[in-house]
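Asker: Residue-level listing of the chains:
There are 2 protein chains.
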Amino acid sequence: MPKLLIITQKNDEYESLIRAANLPDLEILSIQDDKRTSECDIVLGEPARIREHLPALKNLRWVQSIWAGVEPLLAPNLRRDYTLTNARGVFGELMTEYIFGYLLAHERRIFKLRQAQVEKYWDGQNNGTLRGKTIGLLGVGSIGAEVARTAKHFKMNVRGYTHSSETSSDVDMYYHDNLLEFVDGLDYLVNILPNTPSTRKLLDASVFQKLRKHVLFINVGRGSAVDEDALEKALREEKIAGAILDVFSEEPLPKEHPFWTTPNLLMTFHTAALSLPVYIVDLFVENYHRYLKGDALNYQVDFERGY
Amino acid sequence: MPKLLIITQKNDEYESLIRAANLPDLEILSIQDDKRTSECDIVLGEPARIREHLPALKNLRWVQSIWAGVEPLLAPNLRRDYTLTNARGVFGELMTEYIFGYLLAHERRIFKLRQAQVEKYWDGQNNGTLRGKTIGLLGVGSIGAEVARTAKHFKMNVRGYTHSSETSSDVDMYYHDNLLEFVDGLDYLVNILPNTPSTRKLLDASVFQKLRKHVLFINVGRGSAVDEDALEKALREEKIAGAILDVFSEEPLPKEHPFWTTPNLLMTFHTAALSLPVYIVDLFVENYHRYLKGDALNYQVDFERGY
Numbered sequence: 001m002p003k004l005l006i007i008t009q010k011n012d013e014y015e016s017l018i019r020a021a022n023l024p025d026l027e028i029l030s031i032q033d034d035k036r037t038s039e040c041d042i043v044l045g046e047p048a049r050i051r052e053h054l055p056a057l058k059n060l061r062w063v064q065s066i067w068a069g070v071e072p073l074l075a076p077n078l079r080r081d082y083t084l085t086n087a088r089g090v091f092g093e094l095m096t097e098y099i100f101g102y103l104l105a106h107e108r109r110i111f112k113l114r115q116a117q118v119e120k121y122w123d124g125q126n127n128g129t130l131r132g133k134t135i136g137l138l139g140v141g142s143i144g145a146e147v148a149r150t151a152k153h154f155k156m157n158v159r160g161y162t163h164s165s166e167t168s169s170d171v172d173m174y175y176h177d178n179l180l181e182f183v184d185g186l187d188y189l190v191n192i193l194p195n196t197p198s199t200r201k202l203l204d205a206s207v208f209q210k211l212r213k214h215v216l217f218i219n220v221g222r223g224s225a226v227d228e229d230a231l232e233k234a235l236r237e238e239k240i241a242g243a244i245l246d247v248f249s250e251e252p253l254p255k256e257h258p259f260w261t262t263p264n265l266l267m268t269f270h271t272a273a274l275s276l277p278v279y280i281v282d283l284f285v286e287n288y289h290r291y292l293k294g295d296a297l298n299y300q301v302d303f304e305r306g307y
Numbered sequence: 001m002p003k004l005l006i007i008t009q010k011n012d013e014y015e016s017l018i019r020a021a022n023l024p025d026l027e028i029l030s031i032q033d034d035k036r037t038s039e040c041d042i043v044l045g046e047p048a049r050i051r052e053h054l055p056a057l058k059n060l061r062w063v064q065s066i067w068a069g070v071e072p073l074l075a076p077n078l079r080r081d082y083t084l085t086n087a088r089g090v091f092g093e094l095m096t097e098y099i100f101g102y103l104l105a106h107e108r109r110i111f112k113l114r115q116a117q118v119e120k121y122w123d124g125q126n127n128g129t130l131r132g133k134t135i136g137l138l139g140v141g142s143i144g145a146e147v148a149r150t151a152k153h154f155k156m157n158v159r160g161y162t163h164s165s166e167t168s169s170d171v172d173m174y175y176h177d178n179l180l181e182f183v184d185g186l187d188y189l190v191n192i193l194p195n196t197p198s199t200r201k202l203l204d205a206s207v208f209q210k211l212r213k214h215v216l217f218i219n220v221g222r223g224s225a226v227d228e229d230a231l232e233k234a235l236r237e238e239k240i241a242g243a244i245l246d247v248f249s250e251e252p253l254p255k256e257h258p259f260w261t262t263p264n265l266l267m268t269f270h271t272a273a274l275s276l277p278v279y280i281v282d283l284f285v286e287n288y289h290r291y292l293k294g295d296a297l298n299y300q301v302d303f304e305r306g307y
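Residue numbers (my numbering), protein chains in the order written: chain A, 1 to 307; chain B, 1 to 307.
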């Protein structure tokens, strides 16, 4: 009989949602019951918290991460004798709402119009539109595909940069290398790449130099993909129009970091796509049925590639 | 040979776009040439400006308005011996970008997060999502249909209130009367209705009372549809969560109007869907070909109904 251990900040919420799903044969163990946690074969939780318990989980066969990022479980000295699945799919819609919220806020000048209201000034100036604009997606996995689908809905041109296969038909043109060619001519650049050795500081001064002056850059992938000094310089010197950052090299961002006050930089707080338990449990339930049948699980992470 | 008179604030831009379209047999008359304006059979322009010239246009057969709203040409004492077409279709996409820009700004708390940045406060709170929310569209013409299409893209529930036929299949449920039933249970209420006798102050205290506390109201139709005192009161008393207004009973809005400083009210300046000449000329070109062939023109206005 499968035994599940839940290791999250919201164990009660997860437990009641999973109990409500009436999964066959599943026993839920309590993290408080030290003696029995070693019996569990399934863990659902946050990667950093799971990491601490890894050595003790003698019967572990499957870990379902509630997040997309699973870096804490990828260190080469950690065991890899289990199947690691992460949360995908569920984030695509939330990320898309975030990205298009900020793209539209930019085109519609909503902060400027708010200021006009404060000054009681009737600002009848025209606005920009998404239609016909070119968006470049760094990373075209399940999240990128969802962003591309929405970009086509708004009649945009879509470029995708990926080292994987060309799975989304909503991408008009794929690039597999030559990053500078990929970014040349974009209106918006969106980073969705995970944190891997090959993405670190991929977005450096040479990239920001190549972007046109009106480009808006959005980072919802990982802070490590950006050379933050180079980005700050590009914004201060108005080489690009703006940046929307949800992720940073260090989080929470230290108070003395220049990004807090960099012009034309809007930040959010790694909240572009927070795990909503109700979404995650849906995903867990489907994977549990696959687990029982012995089918391949959805969203397996390759420990070497890191995603 | 058809003769066109252009009466807009941007005559030169319209003339050069129309010349670039190389329309067969078309002569473009100058508004400066008083002696010849009476010869024109076609007018392209802004309703209020056209109105002044109506009596002199002896040969008038067709007026193409560059705006959706044509109130200035509908007064009962004015001639109606010509075909009046307005601008439709082109506004749907722009209105949709406006509406979804503000819906997402609301769910994503983008003004609050900007304030957190100013205060150097790492605000990791969760956000709302569009998915599963219910939007109510007052008016389901070509603009409403486009808004409904985008709402379905974001997996929302869509209600439509209309006195016309049920043309959009993206509306889940239609209401033809009983406004209070229509608004009951909504998450967002969007007014897209034109200005007609039956829409005046349609949104009054009884409607705002019926809305739930978290509702966001958006008006991109006409200011006359709203009882502005009742709306201001509903916002001050926090009966609803907020209002996004692009249109007002008087425009530009007088400096002493309370809306400038009403809490949770964001205003824009009748700019949700400004006529972009390049869109309007596309529409004129298609109608001109129909005119030459003697076919029914697109987007004819019924002088009685007013749209």
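Any given hint might turn out to be false.
Since copy identity is lost for identical chains, a pair holds within one copy or between any two.
Unchecked claim - Derived DSS-like pairs: lysine-lysine, alpha-carbon spacing no greater than 25 Å straight-line: (1) 210 to 58; (2) 120 to 255; (3) 293 to 155; (4) 120 to 233; (5) 152 to 133; (6) 293 to 35; (7) 152 to 120.
FYI, nobody ran anything at the bench for these hints, they're computed from the structure.
Because the structure is a prediction, the values reported are computed rather than measured.
Asker: Now tell me if each hint is right for this structure.
Answerer: These are the hints, each one checked on the structure:
Taking the closest pair of Cα atoms, residue 210 and residue 58 never come within 25 Å of each other, the shortest separation being 52 Å inside a single copy and 58 Å across copies. For a Cα distance limit of 25 Å, the shortest separation of residue 120 from residue 255 across copies, 6 Å, qualifies, whereas the shortest one inside one copy, 34 Å, does not. For the identical chains of this complex, residue 293 and residue 155 are neighbours neither inside a copy (42 Å) nor across copies (31 Å), given an alpha-carbon limit of 25 Å. Taking the shortest Cα distances, residue 120 and residue 233 sit within 25 Å of each other only across copies (20 Å), while inside one copy they are farther apart (34 Å).
Taking identical chains as interchangeable, the C-alpha atoms of residue 152 and residue 133 lie at most 25 Å apart whether they share a chain (10 Å) or sit on different chains (22 Å). In the homo-oligomer, the alpha carbons of residue 293 and residue 35 never lie at most 25 Å apart, since the shortest distance is 28 Å inside one protomer and 87 Å across protomers. In this assembly of identical chains, residue 152 and residue 120 lie within 25 Å of each other by CA distance neither inside one copy nor across copies; the values are 37 Å within and 36 Å between.
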